[in-house]
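> Here is how the chains run, residue by residue.
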Amino acid sequence: MSVAAQSERGLAGVRSERWAPALATALALLLVLAAAEIVLDGAAGRSALIPKSPDISAWLSGSGERLGFRVFLIALLVSTGAYGGLIALARRSRAVVSTRSAIVLVAALQLIVFAGPILLSTDVFSYIAYARMGVEHGINPYLHGPAAIAADPVFKYVGEDWIHVATAYGPLYTLLSYPLAPLGVVGALWGMKLEALLASAGTLALTWRCARARGFDPVAAILVVGANPLYVIYGLGGAHNDLIMMLAMMGAVSLMIASRPPAPSGRREASAAALVVAGALIKVTVAALLPFMIVSRRRLAPILGALAASAVGAVIGYAVFGIHGIDVIAALNRDAAFVSTDSFATEIAHLLGKPGVFPVDHDLLKAALVVIVAHLLWRTWRGYDWVAASGWALLAISVTSTWLLAWYILWPLPLAVVTRDRRLLLATLAVQVLFILHQISPLLAPVK
Amino acid sequence: MSWAPASLHPRAVELPGRRLWLIETSVLVLVGAVLAIATVNDLGRETDINHRLVADLRTWRQYTHHNYQNVSIDQETLGLGSEREVLCGNTSAGPPGAKTQICLGIWGPVANGMRTVHGGWYLPPYRPDIPANRYGCFGAAGRGRCPR
Chain U
0 MSVAAQSERG LAGVRSERWA PALATALALL LVLAAAEIVL DGAAGRSALI PKSPDISAWL
60 SGSGERLGFR VFLIALLVST GAYGGLIALA RRSRAVVSTR SAIVLVAALQ LIVFAGPILL
120 STDVFSYIAY ARMGVEHGIN PYLHGPAAIA ADPVFKYVGE DWIHVATAYG PLYTLLSYPL
180 APLGVVGALW GMKLEALLAS AGTLALTWRC ARARGFDPVA AILVVGANPL YVIYGLGGAH
240 NDLIMMLAMM GAVSLMIASR PPAPSGRREA SAAALVVAGA LIKVTVAALL PFMIVSRRRL
300 APILGALAAS AVGAVIGYAV FGIHGIDVIA ALNRDAAFVS TDSFATEIAH LLGKPGVFPV
360 DHDLLKAALV VIVAHLLWRT WRGYDWVAAS GWALLAISVT STWLLAWYIL WPLPLAVVTR
420 DRRLLLATLA VQVLFILHQI SPLLAPVK
Chain B
0 MSWAPASLHP RAVELPGRRL WLIETSVLVL VGAVLAIATV NDLGRETDIN HRLVADLRTW
60 RQYTHHNYQN VSIDQETLGL GSEREVLCGN TSAGPPGAKT QICLGIWGPV ANGMRTVHGG
120 WYLPPYRPDI PANRYGCFGA AGRGRCPR
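Note that the protein sequences, when read in sequence, are chains U and B. For the record, in the first sequence the residue sitting at position 166 is 165 according to numbering that gives the first Met the number 0, with numbers rising by one throughout. For the record, in the second sequence the residue sitting at position 132 is 131 according to numbering that gives the first Met the number 0, with numbers rising by one throughout.
Hints in this document: simulated from the structure, not taken from any laboratory. Small disclaimer: the values here were computed from a predicted structure and weren't measured. Some clues are possibly wrong.
[What the hints assert, rightly or not] Result set (DSSO-like, lysine-lysine): computed pairs, CA atoms no more than 27 Å apart in a straight line:
| hint | chain 1 | residue 1 | chain 2 | residue 2 |
| --- | --- | --- | --- | --- |
| 1 | U | LYS51 | U | LYS155 |
| 2 | B | LYS98 | U | LYS447 |
| 3 | U | LYS353 | B | LYS98 |
| 4 | U | LYS353 | U | LYS365 |
| 5 | U | LYS51 | U | LYS447 |
| 6 | U | LYS365 | B | LYS98 |
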């Protein structure tokens, strides 16, 4: 390379070093503004995007206009673009985004959404309804849907599709939600929002810890997870219990990383497996980590930890809710039969000229998932990173599910930033981009 | 697992498998391409549906001479995927569903931003669109849809 070419390249590097932090700041500001726009407009009153809800954000309602699809989708697309640019910059060079700036940005995004109304989903009202069924009405939420408490103040907020559906969540989650039931609907709603916020903060702290322990840039890691538009707007905005499940997941990963060879700790490995089981007693999906954890270490400790936690969970679940409280298979089978228009299965059915997913497609998708998991287990046996394998399994579950919701494609994200296989992060983000792209038809052809 | 043969011990480093990595990556790219094509196709399909629904709303407003915003659209009564819609709205001003409603069966190609009304029926105020509530059925869309 000539001296002139070298100096040219050096000059370009200096220029980009100068511009990169300014660009990162601008992108961070865009992320904050887009989140604020959605929250302020969401607080302005009822819209198709804001579920019917007690008016918990009235104090924000003066500064926005009622949230419409157009504004929401533009804000979502702006967020996605800004997020993509920001993580590309942060992953390119550690100097672009400082630790303090990353923490301030992620905290600001979480707090903006925390302060606003419930966004895009009625699920949180189902959580409250199940809690109130058990605590206030003495009705087993594993046997009846919220319709059993039609006179309760929370009932009118529960999504129409779910009023006859018994809870599909684990007994640990149901018990965790019980203390919020006596607080009334508004109190319980804030309690659920706070639970989601704390779970998110915990997940991000553990992601940081795992990334650092594995030699990755923790700043880039928390930006990828904590500034992710689907994580912030859909996950935290809807106060979804997936965040609590992800906290247990990252707790388990953190314990396993702390117990890596050549000095593995049986106690830590047992605790990690127990934590995965605890996560599964919140939302069963996270159980997908267990086989990879066990195959990777091939020690007795994680097996014993999982068995002990399962036994304790089963006894408590059975004592409080009866056999239906621990019948995970029935809940899984019921949920597997649901079909959403956003699922890739539905999109492929439409591509093939079918009106939707047929019963045989459910079996084909389950078979595909079994093949993928078997392949990942074989890879893990050969020494592939169990964290990456778990992430792929979670991504495969969401992609093959006929019932796909935005917060399902968050599951692999914290795992993807603490593993060396960069394909997992690329695949997870690509799936998220496709999901967002699928939402934009009201922007292209608004129905008025 | 010290009691087990060495071949069963966990591996600190993965067995080399450049070919496996290439196969996996190729499969991933292929799956990604299929998902991307399916997503774009579905987006186009939904956009077409939205264009059709806009034409249907315009048709309902033109036919009834009411520029109401709260007009419900049902895509199932005349066959899911049939591109035949039923649009119901008030016959006079009032909250949604509070007045006698007129339901129109609309289908056919979009011409000048509208489609063709093929008949319909009426509903009493605050009654859902089920056969037992329908009366005054008319045209091809209403044939056999009112209680005898």
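> Are the hints correct? Go through all of them and say.
Evaluated hints:
1. U:LYS51 with U:LYS155: Measuring from Cα to Cα gives roughly 8 Å; hence the hint holds.
2. B:LYS98 with U:LYS447: holds, 21 Å
3. U:LYS353 with B:LYS98: violated, 38 Å
4. U:LYS353 with U:LYS365: holds, 19 Å
5. U:LYS51 with U:LYS447: holds, 21 Å
6. U:LYS365 with B:LYS98: violated, 49 Å
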